[in-house]
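Student: Chain by chain, the residues run as shown.
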Amino acid sequence: MSETAPIDIVASDAPAAASAAATFEAFFEQQRDDLYRALWLVTRNRYEAEELTQDAFVRVLEHWDRVSSMENPRGYLYRTAMNAFRSSLGRAVLASRRTMGIVPLDDAIAEIDERDAAVRALAALSPRQRASVVLTDLLGFRSEEAARMLGIRASTLRMHASRAHAVLKESMSRD
Amino acid sequence: MTEYRTVLERAARRAPTPNLPFERVLHRRDRKRRTQRIAAGIVGFAIFLAAIALVAISPTDRTVTPLGGGGPQPTGSAEPTLAPEGGGIVGLPTPGATPSAPEHGRLVLYLEGGGPFTAVWVYADGRLIWGDVGNLPAGAPTEGATGFVEQRLTPAGVEFLRTQVISTGLFEDDLALLRGPGDPGFLTIRVRNGDRLVWLTWAVQENYRVPKDAPPATPQQASALEGISALLTDPTSWPASAWEDQDVETFVPSRYQVLLRLFPDQGLGPDLPVGAGELALLPAPATDLLLLGTKVDRAMYELTTDDTRALAEALNEAGLEPVAIPGEAVLRYRLEAPYEPGNSLYVFFGPVLPHGEAIFLGPG
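Here the protein sequences come in this chain order: B and R.
For the record, in the first sequence the residue sitting at position 174 is 174 according to the numbering used here, with numbers rising by one throughout.
For the record, in the second sequence the residue sitting at position 163 is 338 according to the numbering used here, with numbers rising by one throughout.
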């Protein structure tokens with residue numbers, strides 16, 4: 001299971017490919033932790049966050065030639081990740097609608113919830129409210145840009161953020 | 176704005192360390208490419224197999240195997256309190272029943288699917304909890320049946336099961352594997368390996384837990400997984416030293432989560448948002464009890480077992496009755512949503528297991 005797959009982008013003799021691989025790796029190292037943390041906050045599940053982070057980077061890598069020349073590759077990365085998040089949310093809802101099955105678990109976050117008021121406060125928000133505040137307040141994306149990532153109107157995003165702020169404020173004041 | 180950013184930054188710092196080396200992304204990209212190439216080649220063959228499977232598998236084959244035989248032999252013999260004939264629904268623990276102790280436990284091993292039991296959870300403190308869909312174990316204590324039963328393992332027993340799973344070599348890293356076309360079963364296993372729970376899911380691609388680019392299981396992997404499934408679902412094969420207490424007792428949770436869901440009565444439409452309007456549909460005492468609980472997610476509240484019972488009683492007193500769905504073992508009530516014709520509001524009750532997860536048990 002832990003076999004190392006051939007890294008063909010690096011193994012290529014073409015200097016351009018090697019250079020692309022190096023710049024992608026640098027981009028990955030620079031963005032990985034922030035993206036993972038953002039997705040962890042949004043999904044409240046480390047496994048899902050890891051899955052979505054990997055998925056987003058794989059998609060970026062597939063289009064790296066084009067993405068690397070963009071003015072804002074980070075924006076593309078987050079758009080991709082949020083698209084995947086929206087899809088996974090839809091899949092999970094539909095699947096659980098069909099089966100009432102067992103929700104994937106993450107016992108780590110439950111332990112953290114107990115210890116940390118900030119994490120606990122976020123639990124009171126819906127996934128889209130969490131995504132709205134994470135994208136705008138934490139990551140500093142403009143409302144319009146964050147709304148595009150979530151596939152909603154900017155006004156809807158601002159409404160989600162506003163409600164999230166109210167809940168956060170109340171939760172934090174209680175703690 | 177800064178105030179919220181500070182809160183979010185603080186929360187983000189609590190994130191667990193991700194297991195995401197760069198090589199894993201490259202590996203995944205390569206796997207995706209290989210899968211795409213293979214998929215292009217086998218699509219015709221898959222359609223052929225699916226056609227055969229449709230002929231070969233009739234709906235009556237999808238019955239749930241009743242518990243018994245090699246499964247735990249529970250004590251007690253009272254009649255079910257809420258379970259109608261043919262199973263399908265379970266209720267809340269008997270008033271005054273002692274909750275399983277301790278309230279919190281560290282999950283060591285979990286298996287869902289693949290055997291006569293729906294799911295099994297093993298905890299570091301020795302607790303072994305079985306969940307079942309629609310079939311109470313033969314002779315199980317049905318008075319106050321919760322759909323979950325509990326046994327106790329020794330520390331050696333817990334380690335025996337964990338090492339048996341780990342020794343397959345499949346749990347170094349999270350893994351999703353595809354089952355072959357026409358094989359509708361699925362298996363999810365989580366096992367503690369060091370500080371983390373490593374998961375493996377083996378299912379058909381339509382299962383939302385399996386990514387699109389998951390590789391098919393090799394014959395060796397499939398064989399190892401069948402072996403784990405057989406071991407974990409046949410406690411008679413475990414050594415006597417694994418058992419602290421083999422008697423089967425009803426698992427009594429300390430807390431429940433109550434989930435409100437609004438969806439169409441017909442078809443497979445997605446959930447609709449649940450808000451204050453839906454809460455207002457509930458009898459007032461029920462709404463009050465819900466709001467006393469902790470809101471853990473959108474339209475999901477956590478209550479003590481006593482408050483959960485009071486909530487169910489409030490629904491009963493309002494003339495509502497639990498809804499039985501054949502093959503499902505989850506306590507639920509249904510309310511019509513008058514302003515949304517064709518939609519119903521459901522109230523589900525899921526016991527919180529020692530690792531903090533609420534389980535809404537149904538056919539997976």
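If you are wondering where the hints come from, they were derived from the structure by calculation, not from laboratory data.
Treat each hint with caution, since some may be false.
[Claimed, not checked] Each computed SDA-like pair below joins lysine to any residue, with the alpha-carbon atoms no more than 25 Å apart: (1) K387/R - N518/R; (2) K470/R - E170/B; (3) K387/R - L138/B; (4) K169/B - R185/R; (5) K169/B - A190/R; (6) K387/R - T156/B; (7) K470/R - H202/R; (8) K387/R - L150/B; (9) K387/R - E170/B; (10) K387/R - V167/B; (11) K470/R - L437/R; (12) K387/R - F28/B; (13) K169/B - L138/B; (14) K470/R - F28/B; (15) K470/R - F197/R; (16) K470/R - P414/R; (17) K470/R - D65/B; (18) K470/R - P196/R; (19) K470/R - A21/B; (20) K470/R - T408/R; (21) K387/R - S173/B; (22) K470/R - L138/B; (23) K470/R - G450/R; (24) K387/R - S162/B; (25) K387/R - R163/B; (26) K387/R - S19/B.
Student: Is the hinted pair K169/B and L138/B satisfied, with a Cα-Cα distance of at most 25 Å?
Tutor: holds, 16 Å
Student: Does the alpha-carbon distance linking K387/R and L138/B stay inside the 25 Å limit?
Tutor: violated, 30 Å
Student: Verify the proposed pairing of K470/R with A21/B, using a straight-line Cα cut of 25 Å.
Tutor: violated, 45 Å
Student: Assess, step by step, whether the Cα of K470/R is no farther than 25 Å from the Cα of F197/R, and give holds or violated.
Tutor: Roughly 38 Å separates the two Cα atoms, so the pair is violated.
Student: What's the verdict on K470/R and H202/R, does the C-alpha distance respect the 25 Å limit or exceed it?
Tutor: Violated. K470/R to H202/R sits at ~40 Å, over the 25 Å cutoff.
Student: Hey, K470/R versus P196/R, does the alpha-carbon distance stay inside 25 Å?
Tutor: violated, 36 Å
Student: Given the hinted pair K387/R and L150/B, is their alpha-carbon gap at most 25 Å?
Tutor: Since the Cα atoms of K387/R and L150/B sit roughly 21 Å apart, the hinted pair holds (cutoff 25 Å).
Student: Is the hinted pair K169/B and R185/R satisfied, with a Cα-Cα distance of at most 25 Å?
Tutor: holds, 14 Å
Student: Would the pair K470/R and L437/R pass a check requiring their Cα atoms to be no farther apart than 25 Å?
Tutor: holds, 17 Å
Student: Does the structure keep K387/R and N518/R at a Cα separation of 25 Å or less?
Tutor: Violated, at about 32 Å.
Student: If you draw a straight line from the CA of K387/R to the CA of S173/B, is it 25 Å or shorter?
Tutor: Given pair K387/R, S173/B is violated - Cα atoms ~43 Å apart, limit 25 Å.
Student: Hinted pair, alpha-carbon criterion (25 Å max): K387/R, T156/B. Please report holds or violated.
Tutor: violated, 31 Å
The structure does not agree with the numbered hints 1, 3, 6, 7, 9, 10, 14, 15, 16, 17, 18, 19, 20, 21, 24, 25, 26 stated previously, though it agrees with the rest.
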